[in-house]
Amino acid sequence: MEKAKISAYQLFVLILLFEHGTTLLLPLAVEAKQDAWLSVLLGMVGGFVLFWIYYGLYQYYPDNLPTEYVQKIIGKVLGRLLGFFFLLYFMYIASRDLRDFGEMLVTVAYPDTPLFIVSALLMLVMVYTVRKGIEVLARTGELFFIIVYLLAITGFILIVASGLLNLTNLKPVLEEGILSIMKITFTQTLYFPFGEVVAFAMILPYVNQSKKAKVAGLFAIGLSGINIAIITVLNISVLGVDLVSRSPFPFLSTIQTIRLAEFLERLDVYFMLTSIICGFFKISVYCYVAVIGIADLFNIKEPSRLVYPIGIVILFLSITIASNVSEHIKEGLQIIPFFVHLPLQVVIPLLLLIIAFFKNRKSR
Amino acid sequence: MPSFFKQRKKKTNSEDHKESGRDQPNNRSLEFIHDSISINLDMIKQKTGNSSDIVIRTLNISLHSEIKTAVVYVEGIVDSISINDFLIESMMKNHALQEKLTRENALEVISNNIVALGSIKLVSNWEQLLLSLMAGETLILVDGTNEALSVGTQGGETRSIEEPSTQVAVRGSRSGFTESIRTNTALVRRIIKNPDLWLESMKIGKATQTDVVIMYINGIANEKIVEEVRQRLKRINIDGILESGYIEQLIEDQTMTTFPTLYHTERPDMVAGNLLEGRIAIFVDGTPFVLIAPTIFIQFFQAAEDYYARFDIATALRLLRVIIFFISIIGPSAYIAATTFHQEMLPTQLLIAISAQREAVPFPAFVEAMIMEVTFEILREAGIRMPRAIGAAVSIVGALVIGQAAVQAGIVSPAMVIVVAITAIASFATPSFAIAISARLIRFLFMITAATFGFYGIILAFIMLTVHLCDLRSFGVPYMSPFAPFSPKNAGDTVVRLPWWALKQRPPFISNENNIRQGKDQKPHPPTNRGMVNSHTRKSDQNES
Amino acid sequence: MNRKWMFLFLMLTGLALTSGCWSKKELTDIAFVSALGIDKNEEGKYVGTIQLINPGNVAGGLQGGGGEAPSITTYSSTGDNIVEMSRRASTKISRRLYYSHTNLLVINEELAKEEGIINILDAFDRDPEFRTTATIIIAHDSKAADIVNTLTGVDKIPANKVIKTLKITEQRWGEHMEVSIQEGIKNLISPGKEPVITGFRMTGNTEQGKKLENIQQSAVEENIQADGLAVFKDGKLVDWFQGETARGVTWILDKIKVTDINISWEGEQEAVAYEVLRQKTKVSANMKNGQPKISIHVDAEGDIGEVMVPVDLTDPSVLLNIEKTVEKKIQKEINDAIQRAQKNQTDIFGFGEAVHRSDPKAWKKLKQDWNNVHFPQLKADVTVEAFVRRTGLRNKPYFFRMESNQ
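Order-wise, the sequence lines are chains A, B and C. With the first letter of the first sequence counted as 1, position 98 gets the number 98 in the numbering used here; the numbers rise by one all the way through. With the first letter of the second sequence counted as 1, position 169 gets the number 169 in the numbering used here; the numbers rise by one all the way through. With the first letter of the third sequence counted as 1, position 197 gets the number 197 in the numbering used here; the numbers rise by one all the way through.
Pulled out of the complex, with its shape left as it was, chain A reads as follows (with noise of 0.2 angstroms):
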């Protein structure tokens, strides 16, 4: 474990900038039709739930690393297993995330560039930034949460200010009633974005005041939640139901849609600037977890020389990972978040809780 210290604010920052990574990026619960903020808020709660499991891990084992308490828990061996399986889990989500940007970045500005290369540079930054640490990672957090929030802010006004927001576009509310919403938010929502929180669990041991970690945590992801809603309610105004369904893109084309005063029109950049801030912290924080997990669990002393073979691992996977869009996106939305993500966000660390539980009763 790295010898760092991050703030409960400095948690809470990179919670948020974290959510937000590919959600501005991606359709969240396109099926929901004009309903999808419900499903994100429903699934922000199903987030609160989920941060409240990996805490409660957190609080039994306060100074130990997941991949450490799991040895614990579940013994030398399945602990080791499981642990390695976590690990690869987060390579693999950085990954996934690491395509969705090239995807983007190569559809929208640069269809001559290889993808290879759009990918390579961002990983690039991203290596140079792990390797700094935890710290310098939370540090440029805060500056960047700034940053992102007045550019948030602008979006905002300049969306509303050019007369596009229809609200008209979200009714009828709840058209296919609240069930089919949970079953969107059970099967979708609940895992992206917020489950991905796990993640988390390998950086709470950083926090220094353990107390306002939960705080923090439940801050962050509420205001994500809300946050994310509100750019579901604003794709959706904007572009309608159909549209926004259609695009894989769906912030872009709101943002794209955007006509101020004659010459404020393709505010593309605008949209690249605050999505890959976002996207750098969700992947930064995934290979920073990848490379604290493996360096503990392989007992490696230095765990910045890892940064390098991990980060070529990732963006080697990103690349290889589906032929094409389509398959990356149906992976994405039909696979992963019953084969990878209900087992290892919700299943696992829950079981884990409870063995915890019992384990920690016995010894009192």
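Hints should not be assumed to be uniformly reliable.
[Unchecked claim] Just the calculated beta-carbon pair ranges, DEER-fashion:
hint	chain 1	residue 1	chain 2	residue 2	range
1	C	R96	A	L174	45 to 51 angstroms
2	A	L174	C	L10	54 to 60 angstroms
3	C	M287	A	F357	36 to 42 angstroms
4	A	L351	C	L10	43 to 49 angstroms
5	C	T133	B	L445	31 to 37 angstroms
To be clear, the hints were calculated from the coordinates, so they are not data collected in a lab. All C-beta atoms in this analysis are idealised placements derived from N, C-alpha and C, irrespective of residue type, glycine included.
With chain A fixed as given, assemble chains B and C onto it according to the hints.
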């Protein structure tokens, strides 16, 4: 990242610095002074290579027994008037005392009864003797004693106090530091009249023996940081310190950066203000630039005047400076990215205008921008190093070459000239030259990334730059504080400046626990009945009319 | 530490060099497409007419351009689909076509009638370069190529002229409206709403319009003007709405900003001009006995712009009368538009969407044959409230004085 304080703590022993820097690591012998004056004088001549500026005046000061005495000093760095009036004259003409004088008590009598100058001390070894001679002190050697007197007669020609040339303020003190360290410390002492203003002096540089003074306010400055500064200064082992830049580069936290991690200023009021915030000033003899540690990024956007002007104006100006800094970094690169990658983001009319101008330009936008930027840098460099008289000619040629001829010849487009001009003005408008010059360098990096990847490149470079800035520390204080790590208590005096009555605290990450700087409720409370008073007078006015 | 820095630096420079600026496009290598017209030739291929901007001749200023050469150049190209057409154009044009600043898409009327616009629009929707905010218009009674080819006077770029004309007339007159590609597609696929697109017509000699002389005279012979609203059904043009019927559509769609309504007064036809300054239309739907019912409520505020008969405008009761007449007139415009649309069996007003919003369950049943069965039978309840707020700089018109003089 463990704090370096912990690592260094054991090595330090605070007691042995207080006696200042005479105990520099030294290989020269600590030979004692000989009894015989002629041997001593020969020795001095030999050690100084018979240098022509060393004046040796031999005197006889006793009426009865001949006590050979010599006065030795270096011409030019001493105050020759005081040597003549208060030293040589009183030694030669004080007949009453001369009678008492014997070989044994000579030094004591001279120091107690004859020399009419403030600072005087006994030296017994060659090492000290030569050092004080070179520092502008006058030596009095008496035959038959193995000690000498060293009289403080430092003086000579120095520049008088003038207005600082690099940090000009419309409102505020007009005095700037000079090359003389005593003058400089005195300038600050005059502002902070407090016994807690502590000075620690040392000599750094094996050859130059430059005076370096650490100044801080005891009780406000963080002892750990003071100790750290002391340690880092002590570590320096170099032949010469010619300017505070030497010190800066030898004690900074990270060298692989274009950003200055130590602030330097020419203004005594700025030093005083920083001392009051708990920072530490490092004075170096021979330069008007005083270093201030620890430094944070946002300091470079603050001018002394901000604190004298009203808070709203100061805030607006600071915001402007931050924007200026961004422009000076990404100005040309944004132009390159927009015109070669992201034409869609420009308004159609503007794009057509730029396109029409570029139609005849034979170079790609990047090359065009490079040509202009490099030309401009050449002109600026030429303008700085030239004698003043020729500088004007350079700027005329520059204006003609860039402004007119290049455009007319179709080498660059007018839009590019505008971009370069705005960037140039922006980099001049940054209040600190140190940060403006690093922006200049980074600008070229951004231009390259913009030319290869458009705004994606700029965004990545920007993220990398931010990560780098967040990684920097100055004496353990994160460079980007109080934004990262964010501490709301300190944010009142950063990009914004709150009114003085709202700035209750010193920045706690710099100063120690004693960080309340003003009494409670300092907000001005004008009399509440003023409105009534006014209305009353208005009424009477109306009555009169 | 140093070695790592070197490594990073090498990687960066290596990437920068090898990447070799793939997606780079210098300004001098791209041709800005300002407008694109799409026709169909006899062989059934699409004919695209591409309007390129000559920047030097538009910008004027330093280059001394403008006047000597036309500000645009047009090329035409054929293809089986839009992308092929666009790519094939490169055989004629020395630069890469750049669509990010294309603001206008002109579609041939025949093409819209026979084949519909659905097939064409996908290319524009999909392409990341093309702006979906670009305006779409239908060439009324002329080929799309003619509209794209015509040089225009005040605005040097004809595409801008068309868009600005459309914008201004939407704001000041209200019979036409600007529809972007995105809106068009949105309405095309929505089961409860059909698109309307403004038509543009050529006046004068088509050949003359291509020459520079056309704009070098004060009375421009050849002009492009907005003319009618094209009404679509299932993606095909079925009818043109003109004049007040067209305005009825914009009333319902709440797109009227400022317009002028003439009413008769004491037997005199069109004697009082009422200027609408603000209006708000609310469309709501409710289900009654399993049948949808639409209610439209219009609130209009305005001034008296002109009177041609003696009307005592100082009398509030007269103003009340005027208001009532205006209300009737607006009501009539709206009802005419609804009837005509019902005759065409196409719901251009989005009544279906209103039903969907108010009663999603009922909508599921109605959705299937909304346009053909339910919409034509729809009862629409139109209520209008008009207010006269001011009467301009004069109250009583000068006719009174003339009458009393006699």
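Now for the hints, and whether the structure bears them out:
With their beta carbons about 49 angstroms apart, R96(C) and L174(A) fall inside the hinted range of 45 to 51 angstroms. For L174(A) and L10(C), the hinted distance range of 54 to 60 angstroms is satisfied, since their beta carbons lie about 58 angstroms from each other. For M287(C) paired with F357(A), a C-beta distance near 54 angstroms fails the hint of 36 to 42 angstroms. A hinted range of 43 to 49 angstroms holds for the C-beta pair L351(A) and L10(C), which are about 47 angstroms apart.
Checked against the hint of 31 to 37 angstroms, the pair T133(C) and L445(B) passes, with Cβ atoms roughly 35 angstroms apart.
Checked against the numbered hints above, the structure violates only hint 3.
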